[in-house]
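There are 2 protein chains.
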Amino acid sequence: MSESPITPRGKDFATWYQDVVLHGDMAEPAEIVKGCMVIKPNGYAVWERLQRELDDRFKATNHQNIYLPLLIPQSFLQKEAEHVEGFAPELAVVTIAGGKELEEPYVIRPTSETIVGHFFSKWIHSYRDLPVLVNQWANVIRWELRTRMFLRTTEFLWQEGHTAHSSHEEAVEEVLRILDLYAEVSEEIMAVPVIKGVKTRAEKFAGALRSYSIEAMMQNGLALQAGTSHDLGQNFGRAFDVQFQSKEGKLDYVWQTSWGVSTRLIGGLIMTHSDDKGLVLPPKVAPRKSVLVPIFRKDEEKAVVLEAAAKLAKDLGAHVDLRDGMTPGAKFFHWERLGIPVVFELGPRDVASGNMVIKRRDTGTKEVIPQSEAVAKQAEILDAMQRDLLAKARQRMQDNTVLANSIGEVEEILGSVTAEKGGGKFVMAHLKDDPANDARIKEFKASVRNIPSVDLYDGPGKCILTGETVDRRVVIAKAY
Amino acid sequence: MSESPITPRGKDFATWYQDVVLHGDMAEPAEIVKGCMVIKPNGYAVWERLQRELDDRFKATNHQNIYLPLLIPQSFLQKEAEHVEGFAPELAVVTIAGGKELEEPYVIRPTSETIVGHFFSKWIHSYRDLPVLVNQWANVIRWELRTRMFLRTTEFLWQEGHTAHSSHEEAVEEVLRILDLYAEVSEEIMAVPVIKGVKTRAEKFAGALRSYSIEAMMQNGLALQAGTSHDLGQNFGRAFDVQFQSKEGKLDYVWQTSWGVSTRLIGGLIMTHSDDKGLVLPPKVAPRKSVLVPIFRKDEEKAVVLEAAAKLAKDLGAHVDLRDGMTPGAKFFHWERLGIPVVFELGPRDVASGNMVIKRRDTGTKEVIPQSEAVAKQAEILDAMQRDLLAKARQRMQDNTVLANSIGEVEEILGSVTAEKGGGKFVMAHLKDDPANDARIKEFKASVRNIPSVDLYDGPGKCILTGETVDRRVVIAKAY
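Protein chains in written order, with our numbering: chain A, 705 to 1184; chain B, 705 to 1184.
With the rest of the complex left out, here is chain A (with noise of 0.2 Å):
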């Protein structure tokens, strides 16, 4: 048996999550391309099927996509101020095209509320024109000083979701129904337990009026937000001059809303159920649920052994590795480290005795089954892991999430945390949303993640900096 290629976690996190990234074909760095990764097949193929379980959901509330120019006039940015300030820094832009200076540069989108902002009011003139619900996939660029794999990098693929409405009531709803789908597809889908909250306004969108995100737990105990849904207010309307009038005929500014996830997913999704062999997916977001190693050492074997893999195999729905000059056990190496949920073994023997042997990808469990109960067995493995593996998740989440009522502590749990040593904790606090009291998190490198849409714990209590009352505890951590 050879080593293994993935560095254990134990050892270093870090490395660990770019060894599994790397032999789970999901990404490779593009160094030539400051920040930026190839998405290789099995990872494109997992973003596929958030894209879809994602893109249902969009369609069956009413959402309908469309395209927007991924260049973007430098001055559209401007009209937001507090927009321009978060993005600025950021900016890829274009100054010459088709062998000539551009009179103005354009900027490659970070994010599209500006263009969205410039066609709103082409598209929009009364309340029978609203709501408008649209949504693009597209791909973005944020220059990003420090980059990682999924995780950020200056260019991701993501989708953005854009609406208009008569109302703030009708968008504050639009807000939090995106924010409720996404949460499903994390926990449901991805089997990644989220907290549903409102982010600080130290932490929210350049020109939002609130954000709402979804807050993961990774392994490490490190948070990542894993989706953002914005309630812009009338920002954007009165930047870009969006108005329209009312049923009783007065002009009014729309109330916009966006909202988006990206290929960050697919790195909250690696480092939340990985393990030391490599990538563990879960069924409903492996793009292939299980794969067959048939194993013979003679070639009188090898026929038989391949005409009964076959016949299993389109019962199964499984991929068989037909591969020439690899051995059983690297083929089982293979895929384990690409994450296959369940491998099939099949030898003579078997064949002989009508079993075959089945392996569960996250515990490891190797059965000796008979084959007529296989077509049964996958379903239950798969049912089975998919909901072990979110309940795991959530119990990590709730052991290494703690309370805290002062700020030393706080300090004092979360200080010498760093993706890499690993032990890092959501604490629960009482803190006041003040840009005052972010700042103060910030100094140990820590920060809030969101205020819990639902009190998860005991309700008001003495905010842990100024000592006014707050609703409820926010939950601060150390974050990607």
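It should be emphasised that the hints constitute simulated quantities derived from the structure, not laboratory data. Some hints could be false.
Because identical chains cannot be distinguished in the list, a pair is counted as satisfied if it fits within a single copy or across any two copies.
[To be verified] Heads up, simulated DMTMM-like pairs for lysine to aspartate or glutamate below, C-alpha to C-alpha not over 20 Å straight-line:
| no. | residue 1 | residue 2 |
| --- | --- | --- |
| 1 | 900 | 877 |
| 2 | 1146 | 1103 |
| 3 | 763 | 752 |
| 4 | 1096 | 888 |
Based on these hints, arrange chain B on the given structure of chain A.
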């Protein structure tokens, strides 16, 4: 009845096209970004249908999707001499990022052969690594001077396949397999007949050994190159040092292919089938196959009609148009412009008699049918429409294809043809594949579209320019 917002084809073909695109909710110009468009909901939904048809076929032929960076180091383009010459004038260049001037600028991909070459050289070492069969769905930018929605836009969406093989023979097989696949989707799904063939040397992709295309004919007789598949030979293998060890232990450069279709297909679809009433979509690309418009005058009729409509629509998979404050007539025009293949009417008298009205978009035929036969009738009409649209387009192509045996004849036929006036033809003539001959054809703004893969007419003959004997007639036409 209000006047149609759509300019008739006979009056002004270019304006007709623009009107159909706009009123069909397909796209609108994004005049703030040079030569770009916004793809609107109906246009994007058609693109999603085409993506599904193509992607399923790519996967069935063992291709895997990946994603490569949008930005390419400028120096990469220069590694293949013909390639840079072909694309340099059309590049958009990023010179500033993250607030700083870049040491080496990036170009926004006009196509990805160069970055693919870089990664293939990392991934491929031995014949065991071959073939590599990958595809990406992506946006690209080519700074064009004259643009037209869908047909030619500075940014467009496409798929680009990239493959590497251990022999030229295998690469050519791949190139032709994909050309067949493109022709199949074009004809069977889009109902757009095409001529498969090889481009002349003068018209091939910059950096390819040979390029193959499918060429369609629009209603004004102009040609549209609807898809291309390139035999890249070892050109990019050499430029990016993609070498592999053969079974015999020898080092050799890989043989590569690349191939793509884009949102341009949608332009071709529109210009093939649509009419003076608006968009006509073949059922297989129509995001929505049918709509039911309920008709009632008095409130007491409404409940009865809507109840029956809901029941029928469920069986038919039809959308019920429940919009308030809009006359049935306005609704019919709306769905007509959107290209919905089948529209049903249901009024109080229909409910009483057990009948309903079914209207077919392309022929405009209206028929009263028993409700009990609606499902079968709808299926029959959708089938017939798909078949008839292809037959009609084939007939048009045939009617507008002529033979010519001298350059004077060719110029006579094509010289005065324009996109606006129409009257375009496919002129089949014997012509030697020589850039000098292409140049002569270009004098009257026509071009050799391709040399058909199979002889479509009378076998070998004398070149109309050089008198040399050539294999078969080529397609000469004015083109988009």
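(message) To test your reading of the hints: which numbers does this structure violate?
(response) Checked against the structure, the only hint that fails is number 2, while the rest are satisfied.
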